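Peer 1: Protein chains in written order, with the numbering used here: chain A, 14 to 499; chain B, 23 to 497.
It is worth saying that the hints were derived from the structure and are not from the lab. The structure presented is a predicted model; accordingly, all values stated were derived computationally and were not measured. The beta-carbon is built from N, C-alpha and C at its ideal position, and this holds for glycine as well. It cannot be assumed that every hint is accurate.
To be verified - Per label pair, the in silico range of CB-to-CB distance:
no., chain 1, residue 1, chain 2, residue 2, range
1, B, E239, A, E487, 56 to 66 Å
2, A, A404, B, T273, 28 to 38 Å
3, B, V253, A, H381, 51 to 61 Å
4, B, R388, A, L151, 52 to 62 Å
5, A, A390, B, E228, 17 to 27 Å
6, A, A390, B, E239, 18 to 28 Å
7, B, M399, A, A404, 36 to 46 Å
8, B, M399, A, E442, 23 to 33 Å
To be verified - To spell it out: a stretch of chain B is covered by chain A in this simulated footprint if at least three of its residues, at any positions, have a beta carbon under 8 Å from a beta carbon of chain A; those stretches are:
no., segment
9, 202 to 211
10, 217 to 227
11, 422 to 429
12, 433 to 444
As the list claims (entries may be wrong) - Once the Cα atoms are required to be at most 16 Å apart in a straight line, the calculated EDC-like pairs of lysine to aspartate or glutamate come out as:
no., chain 1, residue 1, chain 2, residue 2
13, B, K161, B, E317
14, A, K405, B, E211
15, B, K320, B, D356
16, B, K438, B, E317
17, A, K408, B, E144
18, A, K260, A, E344
19, A, K398, B, D71
20, A, K408, B, E292
21, A, K306, A, D368
22, A, K408, B, D71
23, A, K257, A, D198
24, A, K398, B, E222
25, A, K405, B, D244
26, A, K260, A, D128
27, B, K61, B, E44
28, B, K297, B, E386
29, B, K297, B, E285
30, A, K257, A, D372
31, B, K414, A, E487
32, B, K414, B, E439
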Amino acid sequence: MREPTDPAEPLQASDAVASIDPSATSEAVPVVEAAAPQGFGALTRRGILSTAGAALAGGALLLRGARAEAQPASPSRPEAPKRASYAGAPPGMPHRDYQPVVVPNGTTLPWKLVDGVKVFHLVAEEVEHEFAPGLKALCWGYNGQVHGPTIEVVEGDRVRFYVTNRLSAPTTVHWHGILLPSGMDGVGGLNQKPIDPGETFRYEFTFRQSGMGMYHSHHDEMTQIAMGMVGLIVIHPRHPTGPKVDKDFALMLHEWRIDAGTRRPNPNEMTDFNMLTLNAKAFPATAPLVVRKGERVRIRLGNLGPMDHHPIHLHGYHFRVTETDAGRIPESAQWPETTVLVPVGSTRTVEFVADVPGDWAMHCHMTHHVMNQMGHAFPNVIGMKPGGLDAKVRKLLPGYMTMGQAGMGDMGEMGMPVPENSIPMSGGEGKHGYITMGGMFTVLKVREHTNGQEDPGWYENPPGTQATTATAAELQRDGIEVPKPS
Amino acid sequence: MKRAAMLSLALLAGGCASMQKERGHQEVAALVEARTGLKTRWDQGTPEDAEVSRHLDTLLGEPLTSDRAVEVALLNNPALQQTYEELGVSQADMVQAGLLSNPVLSGSVGVPIGNLGVTEHEFSLVQEFVDIFTLPLRKRVAKEQFIADTLRVAHEALSTAAEVRKAFREFQARRQLVELRREVLLAAEVSAEFAARQREAGNITELELATEQATAEQSRLDLSQEELTLVEDREHLNRLMGLWGPRIQWTLSESLPELPAKEAPLEHLETTAIKQRLDIDAARKQASLMWNALELAKTTRWFGRVEVGVHTHRDSDGPRLFGPTLSLELPIFDQRQGLIGKLEAQYRQSERRLTELSVNARSEVRAARARLQSLRMQAEHYRTTVLPLRDKVIAQSQLQYNAMQIGLTPLLTAKKEQVESYRGYLETVRDYWMARAELEQLLGGRLPGSTEPPPSPAPPPAPAAPEHSHEHSHP
Ligand SMILES: [Cu+2]
């Protein structure tokens, strides 16, 4: 009945396993995938006494995995060998099986173990979220947060997600980039009925890959993603490869349209976004990434913004992109880079050793993505001479002052009254003055000593390592002639 | 009050057979004063008129008010003075009607042509006799005509007063509308200058600059049109006040007043109008006098000419003869059918005219009352809702500008829209006062509570924006 369609498909063993699974379909891989969790789950329920059976099943899979590994490598089946290595393993536990991630400005989703299955509960609901001091908006998120809490699991974990809908609209959860049975994929109408308001659905599957995935609503995506219904999924490898990292940060990139003076994102906006966030916070509300000198740092970046790819640039270091959303990149394929492009719907993970102390900027390099609530209808007045114009305008509008002739940089610190609930253009104070950046900007703070993730304050640059005004003596010494202003 | 005036009118109209110059105008003045509280005068070149002239200069020396403008017009409007002369004509007719026809003395002398005979003399003194019977009736008709004319003239004076009030409001509002138009121009000029400076910096296209400049120039034309209208409105008022020469230098300090806090009670206005309006009264009198004239014609239809006299005659050779004469017209063919028919028609005509006037007066009062109420409602809506919203739009635009969400141009557009709303408000308040004058004219008197509330529709206040908390450097 079943016809292998892929030349890379394992032969006898998979047929045998497939027969166990009543939900077997004509697709080759899902049969195996569905089968493994089932066996795993059944074994777990049977408990310790079934170790012989488990060993047997594991052996069969191992055998199968070994055979599969012997096949020519195919890009569509990369995890086949790995799967064997975790099957039957107990649920991954923090600090034993993995080093938990740090989610700046966010949290990880708690779970409980029920018969060897990690049980999670997500509640989709409206949340009043603060993007930065001065700007709150009614968004949609999960468990009282925007974005949803980060889900953290270990490769091979059997998971059960209960999803309760407390929104006014139907919703679903799609496990983005996660390999699972089609019926668990969460596309409303395609894979399942949408979860109506007040209903709770159950999703259950086994993580059989490692890397970073994401979750988001897959019903009326345009509205629900734009309203913030996204989250990260960190899947730690059962057997990590590569050097061990000391700090593991997870960041979700997102973009929004929130007009100055409103208090709800506009999901109808297609292209013209004015709020760019890291873990749903805009600078100066983005928590710094605090690292001790010499630590190996991993930064995981996910992007579920509606529209824009974000070239995230880190100052001070070369990093290597070690993972994409499909898994770990072989070491031979990792490039040294300072900017990693995170496309919409993708994750990227970078790693580096933080061996130079300091305050290092990390930001999206699309310049308008480091602005808060930028006004896109402001006229171009760069280089304009206001002359006596201001006095004339003030006859009509006493509060008027021409601005923007030298750009928007100093707008944020002018302290002029602005619409309520808005943080237009503004950035925040830095050690050496006003930082004219907002949005997707945060600071990697590398110190000799740290106190966890506690903000250590601004870096004190050792003498001689700080750019300052050049003295006349220096200029003369080096034969620099400064042209007079014309 | 009205009854007393009528009584004095009747007394005055009775019996005098000689012309009295001030006659009639005093009645007009009493009627007008009773209804407006203001005196009117008939300029007849007397020493008192010089007094009036000085009074006019005093009135015009101070800033003009609505009441003062009406007073000047009542004293000085040439059309009104012209109308007052009609009273003279009417009075003359009345005097004429009270006179008996003069006796007729006729005589003849006959001189013989040959040698025979002597000169013959014949004399007669004949008096038209019917006059004695018809005179009281004729006098009554003429008196009624005079009263009707007086009422009509007083009505004219009141109409002029109402027209002055309307023209005054028109002018008063226009001054403020011109000011607002200047503000619109300033906004457009500033917008164009902003564009010019942007263009100079190389930031906008020639097209965008030209568009802004064209808008500003259009605003300039709009202003000059409005300034012309202001001159025309002033001249309208000058004509109504009969002014020329140095007297046209009058000034105006008050702006258009706010609406009165409470509207006068608007019930029973139709009845009031019917009772109080002088033109209706005049029409009523006219109908009544047509009836009397008709009666007169009917009672005398069988009287022909009756002439009674004495006659003396001496023939050439006879004795001198003396005796009465009687000449009697026999109304065999002409029994005044034509005159009676004409008077009957004219009587019915005057009745119809009274009906028409009353029906129209009632309808006009209803319409004017509705207009007054609607304009009050609109003005209130402007004041309590539209203008505060416009102020809010300005304040919020300023905030959006501060946040660099919008530029100067939309900010100025908001300002222009605010000014336009204030213009709409001013026009509504002006129309309200004009409707009020109109209603008062239709009622033939003033509405209760017509003393003027304090001036107010102020020009749009510019929003008080807080100063910047922080110095900002500019090149
Ligand atoms: Cu970006």
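Peer 1: Could you check the hint for me, namely that E239 (chain B) and E487 (chain A) are 56 to 66 Å apart, CB to CB?
Peer 2: 57 Å, holds
Peer 1: Keeping to a limit of 16 Å between CA atoms, is the pair of K320 (chain B) and D356 (chain B) held or broken?
Peer 2: 13 Å, holds
Peer 1: Are the Cα positions of K408 (chain A) and E292 (chain B) separated by 16 Å at most?
Peer 2: 50 Å, violated
Peer 1: Keeping to a limit of 16 Å between CA atoms, is the pair of K257 (chain A) and D198 (chain A) held or broken?
Peer 2: 32 Å, violated
Peer 1: Would you check the hint for K161 (chain B) and E317 (chain B), treating anything up to 16 Å between C-alpha atoms as holding?
Peer 2: 13 Å, holds
Peer 1: Has the given pair, K260 (chain A) with E344 (chain A), been kept, meaning a C-alpha gap of at most 16 Å?
Peer 2: 20 Å, violated
Peer 1: Is the hinted range of 52 to 62 Å satisfied by the C-beta distance from R388 (chain B) to L151 (chain A)?
Peer 2: At roughly 54 Å between Cβ atoms, L151 (chain A) and R388 (chain B) fall inside 52 to 62 Å, so the hint holds.
Peer 1: Is the straight-line distance between the alpha-carbon of K306 (chain A) and that of D368 (chain A) 16 Å or less?
Peer 2: Holds: K306 (chain A) and D368 (chain A) sit about 5 Å apart, inside 16 Å.
Peer 1: Take a quick look at whether K297 (chain B) and E285 (chain B) sit within 16 Å of each other, Cα to Cα.
Peer 2: Not OK: K297 (chain B) and E285 (chain B) at ~22 Å, beyond 16 Å, violated.
Peer 1: Straight-line Cα separation of K61 (chain B) and E44 (chain B) no greater than 16 Å?
Peer 2: 14 Å, holds
Peer 1: Tell me if the straight-line CA distance from K408 (chain A) to D71 (chain B) falls inside 16 Å.
Peer 2: Outside the cut-off at roughly 50 Å; violated.
Peer 1: Just to make sure I understand the rule, a stretch counts as covered if three or more of its residues have a C-beta closer than 8 Å to a C-beta of the chain. Does the segment 433 to 444 of chain B meet that for chain A?
Peer 2: holds (count 3)
The structure does not agree with the numbered hints 8, 16, 17, 18, 19, 20, 22, 23, 25, 26, 29, 30 and 31 stated previously, though it agrees with the rest.
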